[in-house]
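Trainee: Could you put together the complete structure from these sequences and hints?
For the record, the sequence lines run as chains A and B. Under the working numbering, read the first sequence as residues 1 to 87, first letter to last. Under the working numbering, read the second sequence as residues 1 to 352, first letter to last.
Treat the hints with care, as some may be off.
[Claimed, not checked] Restraint-style ranges between C-beta atoms, simulated for each label pair:
id	chain 1	residue 1	chain 2	residue 2	range
1	A	26	B	80	48 to 56 Å
2	B	297	A	56	53 to 61 Å
3	B	141	A	26	35 to 43 Å
4	A	25	B	40	16 to 24 Å
5	B	214	A	76	22 to 30 Å
6	B	259	A	25	15 to 23 Å
7	A	53	B	247	19 to 27 Å
8	B	214	A	56	32 to 40 Å
9	B	45	A	26	40 to 48 Å
10	A	87	B	297	54 to 62 Å
Quick caveat, the hints were computed from the structure, so don't treat them as lab data. Here the structure is a predicted model, which is why all the values come from computation and not from measurement. We treat Cβ as the ideally placed atom computed from N, Cα and C, and that holds for glycine.
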Amino acid sequence: MAEKEPGKETKDGELSETARQMRAAEPYIAAVWKLVGGAVVGVLGGYFLDKGLGTGPWGMLGLSLVGISAGFYGFLHEMARLGKRKQ
Amino acid sequence: MRKAMVLLASLMAGMAFAAPTEGEHAAPQSHLEKEEQDVAGYILHHVSDSNEYEFEIPLSDNHISIHLPQFGIPLRAGVSCEPRPTPDGHGKAVPGWSEGCLDLSITKHTVMMWLAAVLLIGSLLLFSNRDKSKLVPRGASANLFEMLVLFVRDELAIKNIGKEEGPRYTPYLLTAFFFILFMNLLGLFPWMATATGNIGVTVALAVCTFVLTQIAGIRAAGLGGYLAHLTGGVAPWLWPIMIPVEVLGLFTKPFALTIRLFANMLAGHIVIFFLLGLIFMLGHPAVALVSVPFAMGIYLLELFVAFVQAYVFTMLSALFIGMGVAMAHHHDDHGAEGKELGHSHDHGRAHM
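Mentor: Right, dumping it as structure tokens:
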């Protein structure tokens, strides 16, 4: 299964072009979402941590770095997985 | 058509000229005249939801108001949810969440949704049960409904979800399509309102699609696979960051569905009202010669938009459900990595 591309996984050719494109694009969208989402979750998590514990700005700085790193890791991980799948 | 539009514009312009000028009024201003001076307020009044159903009587200053029942359910013991006068003095309102009340008042848009539901159930039952001995539907309406039903099944459900799983989700897609279509079309009739121009309604519709998308994902990948997908396939120490990211990602699709339908339906009506309001804003009746035909054009466009918006919502719902169904394949990759990472993955069933 891992060698197949997501857009070509269907044995039936009746899927619409939009559906095929969306399914093919989904891993790339997920990768970008991880990159952006990691940073957003880190910054927001840090902000609320600082607000709750009064540790500002260290919570926000620390969790932002963790979030951005996790986002990059998730992005690269997704890209590596796609690369493996294409081979 | 052109002659009819010119005639209508002339009629409107004539009516505006025939209307008494400001100097002729010695008596206090009527409700409608006050609204005419506040075009933005008039537009907002007509597109927003309200606890009062107003029937404006054409060519007169009068209108009939029906006060719809207002009631709230107390969420905490000892809380009174009786409607209280609003601070601005216009009508009453049920206390909100902060005061421990769930406002379940009947509003104008609720009535429109009921009407759309009655039309949906009535028309589809009528055409589906009629003359079962014949395979071919008879009559323009029956043909139209059959065409729409087949279109949703073949072009939306099957082409976006797949041949095997598509028919399973067709009943929901058909319900969503016709419900939205009826709500959109109802707003184009005089004295009616567009319930899809209310963000509460579009949120509820998007939540239905969201729930079904998740169910499709769980059915396709299995509960274990679905939960494993939420970890993003990364190492366990990154889960505290990645799980919120994946959960946030789940909500982007229903959010897009909500805003797109709400904004499109609201914008069309505001444009029509604004074009007509230009007559009062610019203060000259001759403006009607331009604004009325333009408003008429936008109105006809809205008729088309009513169908397009129902189609787009259904198409996107089908697309998202299809992506949920396809999760099983995407998940297979996570599964391969999951072995390396040491957490279990249920691969579920492959559908296509």
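Trainee: Okay, which hints does this one fail, numbers in order?
Mentor: 4
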